[in-house]
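Chemist: Chain by chain, the residues run as shown.
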Amino acid sequence: MSTGLAERIRAESARLAALCVACGECVRACPMTAYAAGVEAAAPNAVAAGMRDVLQDGEGTPEARAWIAACTRSGVCSPACPEGLDAAFMLRLAQWRAKGALGTPPLIPVKEDTQYSPKVKAFARLTLTEEEQAKWL
Amino acid sequence: MTENAAIFWYGCNMTRHGEVIRATTRFLEAVGVVAEPSGGPAHCCGSPKDASARINEGMARRTIQGFNQRGAAQVVTWCPSCHMNMQDSMAPVTPTNFETVHVTEVLHARQEKLRPLLARAVPRRVLLHQHLGFNGRVPVNSLVADLLRLIPGLELVEHPYRSPGHMCSSLAGVPGALADAQRATLAAMAETGADTLCTIFHSCHRDAVSLERRGIRVANWIHLLAESAGWPAEDEYKAWRNAADAGAAIGAERMEAAGSVAVEKLVLPELAKPPVV
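Keeping their order, the protein sequence lines are chains A and B.
Using the UniProt record's numbering, you'd call the opening residue of the first sequence number 1 and step up by one each time.
Using the UniProt record's numbering, you'd call the opening residue of the second sequence number 1 and step up by one each time.
Just so you know, these hints were derived from the structure itself, not from any lab.
Glycine is no exception: its CB is placed at the ideal position from the N, C-alpha and C atoms.
Wrong hints could be hidden among the right ones.
In silico DSS-like cross-links for lysine-lysine, where the CA-CA straight-line distance does not exceed 30 Å [claimed, not checked]:
| id | chain 1 | residue 1 | chain 2 | residue 2 |
| --- | --- | --- | --- | --- |
| 1 | A | K111 | B | K273 |
| 2 | A | K121 | A | K135 |
| 3 | B | K49 | A | K111 |
| 4 | A | K121 | B | K273 |
| 5 | A | K111 | B | K265 |
| 6 | A | K121 | B | K265 |
| 7 | A | K121 | B | K49 |
| 8 | B | K49 | A | K135 |
| 9 | A | K121 | A | K111 |
| 10 | A | K111 | B | K113 |
| 11 | B | K265 | B | K49 |
| 12 | B | K265 | A | K135 |
| 13 | B | K273 | B | K49 |
For the chain B half of the interface with chain A, some residues (derived, Cβ under 8 Å), not all of them [unchecked claim]:
| id | residue |
| --- | --- |
| 14 | L132 |
| 15 | G136 |
| 16 | A258 |
In isolation and in its complexed conformation, chain B is listed as follows (with noise of 0.2 Å):
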């Protein structure tokens, strides 16, 4: 790496939708910002192990030591959990060389670079799936609005909800809550008519792509303008959620590749799950 260039943080659970790594680290580029992706348990926020103080705090303190030794100016964050998790427990306790950002404050000062991309027409009435939380710290609901708007043929509708937390995977540990967020996210995309859900983090992706089976569509913002730009980031996670048999969807030869047994153990239950509603 390159002093004073960029680290794409895109957090752990990102690994499920390698295409909006992939995408992201090429908008960015874009964009001139050079940024190495990095993520995954080596560069841990810590908060996993938030029922231990010295555990979360040596993970998170390894991460930013990496991140200091390769010289990074900016950190560009994709996580909320990560973002929020850099400035309020891992930066005060172990000290950073880099700035911390988001990637939608990235692209957003920057979207003058990233209009001329986004060429073709993604015609499509889409409902932007919004949370209370971490907007209040980088206004993601807007900013990630306004970079919709430059895809020509998309139609951003309005609605005023707004799911609790900072995103899904928070409101999964909370009996009700997740189950409560999509009925209302389905009454929201009833009542604008709107056609395609459009999640903003991944978690929320994660968990909304199975409302494919309610007649409704779900795109991250990132394959939303990969696909204006008519850039390749194929969601193969939500294919393998809503197919019938995800390890057919996998296929044989690609599961021994990355290991059946741990595919099997690790991979394939989450992808079996019920839906939420």
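Just chain A, with the same shape it has in the complex (with noise of 0.2 Å):
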């Protein structure tokens, strides 16, 4: 039986947390710390607790904040993590989570094209014929 995204990012959220030790492996592989801000200066393992913590329903700390906006789905986590875990998917449930996409105010800044759709299109209008846009569109 499925369940809602919701719901599926909340029950992701808790079985991969419970299984976390944050020891940080996933942060030192990380290719973005650069990026994020307060990272490189902090503890790897207390900015995994952070991350830990949004997956939590916590806040996290700014560095885990920061390294979770960073995150570009480079996917070397996984690899690294010396408990198996799909690191990379629990920064994917923590970034969806900052964004407040259970319904929280977000932890980072959220940028959204609202003229995303309207840009497709419009480019569709250009380098699709009308035959293939009322096909493939």
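Make the complex out of the two chains shown on their own, each in a separate frame, by following the hints.
Modeler: Here you go:
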């Protein structure tokens, strides 16, 4: 039986947070730490613990929030996890939560392009024939 | 659509590159996979609305239900975000009646059918633009490299640099990250003596085409395969992006047909943006 996305985010967050030992290997492996304020100066395990806190309905630390915001889905955190967890998915879950996906106030800046769909359609009208637009959009 | 046919789910922002959608569909058909292209906002994975699980889920559900109703056995993805979202958040929430495979996997698995099509030499020294992300899910970096090696006359050079992220649009949202990646890419081009940067994904291509102003050539892997097959696949987005006057490059008649107001408001500002580096 399937559940909604919000339920999936909550359930997977709880499951993975319970397994995470916050050792910080995911932070050490991450190629984006230089772009996250305070992360390179912080202890990796503290940053990981802050990320885990976000998965558990907490606000995390400023460094953890900066790290979550800088995640670009490089995915190298997952093979680095000594517990064999899908750390990349943990970051995806943390990013959803930090953006306020579950209805709580966002913890990180949310950049949403309100013209996203109109732009996609405008380009389509330039690059696709009318027949292609009718069939492919 | 016939039962068990495939869908080529090209994503949203690929509408900037109609020729890539067309050529990819033709290559899929040539290797025996008849896949009707589907994309745009009506077939969204939901990720543009990540700040709301409710809206994200609604968009994703509509996409899956539409694909299910069409009876496709396979959905062939292009966009790595769509592919990962389908596996991580869409299918676990809304059951699917199809399997999800990436276009590089499909073409790579049938490369012996592709090989005879690639008859024309493409004498270029090519560096493949590779990211760290998504490659752990689908080994796109090696799959595309293998496909490029089918092209006669093309020399693929090696360099260890891999950009962070799963494609350049993810880096664009982090101040400084895309510029650093582009500078590192240009350095790799210089170190290897490559003349052409080959992009794998549309968002990387969109951001990389302006690097042609730095004296290199930029092409997507589908452009290179199409060139070798002798198929038309003119990169209009690149021409518009690098034109001194994008509106003039598109042409008044074409802008009028697409809706001048929308093109001026939504398309031209992107094309006129200063390059990242």
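Chemist: Decide, hint by hint, whether the structure agrees.
Modeler: Status of the hints after comparison with the structure:
Distance restraint check for K111(A) and K273(B): the Cα-Cα separation of roughly 18 Å lies within the 30 Å cut-off, and the hinted pair is therefore satisfied. For the hint pairing K121(A) with K135(A), the CA-to-CA distance comes to about 14 Å; that is within 30 Å, so the pair holds. A threshold of 30 Å between alpha carbons decides the hint, and for K49(B) with K111(A) the separation of about 10 Å falls inside it, so the pair holds. Using a Cα cut-off of 30 Å, the hinted pair K121(A) and K273(B) holds, with the two alpha carbons roughly 19 Å apart.
Using a Cα cut-off of 30 Å, the hinted pair K111(A) and K265(B) holds, with the two alpha carbons roughly 19 Å apart. With a C-alpha separation of about 12 Å, the suggested pair K121(A) and K265(B) falls inside the 30 Å cut-off, and the hint holds. A hinted pair counts as satisfied when its Cα atoms are at most 30 Å apart, and K121(A) with K49(B) qualifies at roughly 17 Å. A threshold of 30 Å between alpha carbons decides the hint, and for K49(B) with K135(A) the separation of about 25 Å falls inside it, so the pair holds.
With a C-alpha separation of about 20 Å, the suggested pairing of K121(A) with K111(A) holds against the 30 Å cut-off. With a C-alpha separation of about 44 Å, the suggested pair K111(A) and K113(B) falls outside the 30 Å cut-off, and the hint is violated. With a CA separation close to 22 Å, the supplied pair K265(B) and K49(B) stays within the 30 Å bound. With a CA separation close to 25 Å, the supplied pair K265(B) and K135(A) stays within the 30 Å bound.
At most 30 Å may separate the alpha-carbon atoms for a hinted pair to count; K273(B) and K49(B) meet this at roughly 25 Å. With 8 Å as the threshold, the beta carbon of L132(B) comes within range of chain A, its nearest partner Cβ sitting at about 4 Å, so the hint holds. Contact between G136(B) and chain A, as hinted, is supported at the beta carbon level, the nearest pair being about 5 Å apart and thus within 8 Å. Of the supplied interface hints, the one on A258(B) holds, with its beta-carbon coming within about 4 Å of a beta-carbon of chain A, less than 8 Å.
The earlier numbered hint that this structure contradicts is number 10, and it is the only one.
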